[in-house]
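Colleague: Listed here are the chains, written in short residue letters.
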Amino acid sequence: MLLKRLTEAMGPSGYEDEIRQVIYEEIRQYADRVYTDSMGNLIAEKDGTRPGPKVLLCAHMDEVSVMITHIDNNGLLQFRHIGGIDDRILLSKPVMIGEKRIPGVIGSKPPHHQKPDERKNPVGLSQLRIDIGAKSREDALKYVKPGDVAVFATEYEEIGHRRAKSKSFDDRVGCAVMVETIKKQFDVPVVFGFAVQEEIGLRGAGPLAYRTNPDISLVLEGTLAADLPGAAPHGYATELGKGPALSIMDGSSIHNREFLAHMKSVAEQNEIPYQIRNTTAGGNDAGRIHLSREGVLSGVVSVPTRYIHAPAQLISLDDYENTILLVEKFLRSVEQGGLGQ
Amino acid sequence: MKELITKLAEACAPAGNEDNVRALLKEAVAPHADEVRVDVVGNLIATKKGTGTDRKQLLLTAHMDEPGLLVVYVEESGLLRVGPIAAGEAAYLVGQRVVFPNGTVGVVGTEAKSPGDVQFSNLVIDIGATNKEEATSRVQIGDSCTLQQTVAELFPGRLTGKAFDNRVGCAVAVEVLKQLGNQTHDVTVVFSVQQQVGNRGIKPSAFAVEPDFGLVLDGVRSGDTPGAGRLEVKAGAGVAIKVMDQRVLIPGHIKNYLIEQAEAAGVAFQLEVNPDAQSDAGALLQVQAGIPTGALSVPLRVNGLGAEVVDLKDVEATVKLAVAALVGYNL
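Residue numbers (this note's numbering), protein chains in the order written: chain A, -3 to 337; chain B, -3 to 327.
Chain A extracted, bound-state conformation:
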């Protein structure tokens, strides 16, 4: 199953080797050219039958994760974040370290050893350690070393009614939408850009867009869904099951109004449910892509994802399938001269 293969692969920012190989195997037979650039971005090009406009679809391969920074004398591992992680979600979580997937558990001293003021605050990184069961520093060094990276040890699983959980829907769900899309034929040239290092500052997408030089770009993301108790409806950002989310603004882009209107009409004409991502927070690779070279007409479609940047992220499979459909219909509309011409 594609979502399982993509979400269970490792891909900390800067260490996307495994997920890149997994995606390469999925797409190689469908592309006219597949190559990797100096940053590690995986780029697949399909020529189409017309010279343009050239469309870049982009999703990032990397996931939020941690890096081992130091090994204590007792064999416990100190670590730091790669990408934005709320410290409060780390305690007691199982992780796996490095290519060999060394299992570990994130631990800290129990509450009865905490001072009263410590109990009021979340346990911070300085107090957390990864425990791989090693007896000493020397013992631990046989399995791990500083600089090794670790991801949450969460298996893909379909749960409840048409929902799925995994460690990395942000943004493997976007990667999966692209894998499904590359199997289809389009008249216009389409570049499938699988970007590195989004989670640590949108670093891969700029060079990717510069090299591929598209006319139009659509970024595919897994984005925040806060449709949960305690949040007000105007702060939900997105809601699970209500369809692909169209962006209006975030910390990296104020999204093109013509593009937004076009995506709405594509969805409406094809009776695909959609929602507006009603927050101005966050940021993604479109922030880099739309300013590349002389500017690229850009938009973002996201699959709503609960518990984003945490060990068990949840999506609706209906939203996922509707996103695949919306992306296809969007590309058909470009074929028919519907945007930016």
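Hints may be right or wrong, so weigh each one.
[To be verified] As a list, the in silico DSSO-like pairs of lysine-lysine whose alpha-carbon atoms are at most 27 Å apart:
1. Lys42(A) / Lys180(A)
2. Lys89(A) / Lys138(A)
3. Lys128(B) / Lys260(A)
4. Lys251(B) / Lys230(B)
5. Lys238(A) / Lys128(B)
6. Lys141(A) / Lys131(A)
[Stated by the list, open to error] Pair by pair, the computed Cβ-Cβ distance ranges are:
7. Gln282(B) / His108(A): 52 to 58 Å
8. Gln74(A) / Arg93(B): 53 to 59 Å
9. Gly105(B) / Asp183(A): 47 to 53 Å
10. Gly112(B) / Ser122(A): 30 to 36 Å
It is worth saying that the hints were derived from the structure and are not from the lab.
Remember, it's a predicted structure, so these values are computed and weren't measured experimentally.
Cβ coordinates follow ideal geometry from the N, Cα and C atoms, glycine included.
Given chain A, work out where chain B should sit, using these hints.
Modeller: Leaving out everything else, chain B in the frame of chain A:
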């Protein structure tokens, strides 16, 4: 200039939707430019050819955008929920009147019980709609608004209004274009978008123009009001030649060139050493192989939201120096 500044400053152009100001500027520059175009991100680009045989490309730029609020949600009651577009402190917005590019007017309220609790997430805008359906007939999620404020003349030659940063710079650029004609080099004026949210618009436009020299026009908050912070820039004391801001150290030979030109033309000037603000100059210096860039700022007294004050003498000084620097360009 007074009329143009008034028209531009009263228009609504939040970052990301600069259509109204772009339309006014397009009309203003059309008679004075050889070529006018709009690029993919919305920058307005006007070129005036030079008379020389070996012509350099000179770029003059001013940003069109201002801070605003973006509608993220429409309540069943017809009230609008918003997020900030470079909008500073939420508390200052309570009680203000706002306007959308389509002319819809609203007032800003809050559900917070005390001023200290005001955040963007508890602001509401009332456009007078009685329900959601009525509201969305005029305003959609994703639409943005700005303050609504008219321009007034205080003491003669001193205007007050909103968005003088940077409609004053836009007006200067129009006037410069008008006065050019016999210059040696090609001059391209970029009226840029989205400066307020991170100097975004200038990057693609400068990539396209590939200028040999860039000159940025912007407003600078003057240091001559109580609590304004340490800044040796006064309203009425002339054009400010930028030395540095948060994102740029102007190359010394360019700063010196601008000072020489000011002295030669008899233009009143002051130096802007400004660690608390930013301009498109910082972005311009990093486009392609790096564009040699200088910057001129018009001093603005900022007395509060929508209450900027500009001295027209400073505006005229800025025009004069910009023309001299472009006509005499020899770097």
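Colleague: Go through the numbered hints given earlier and state which of them the structure violates, listing their numbers in rising order.
Modeller: Hint check: nothing fails, all pass.
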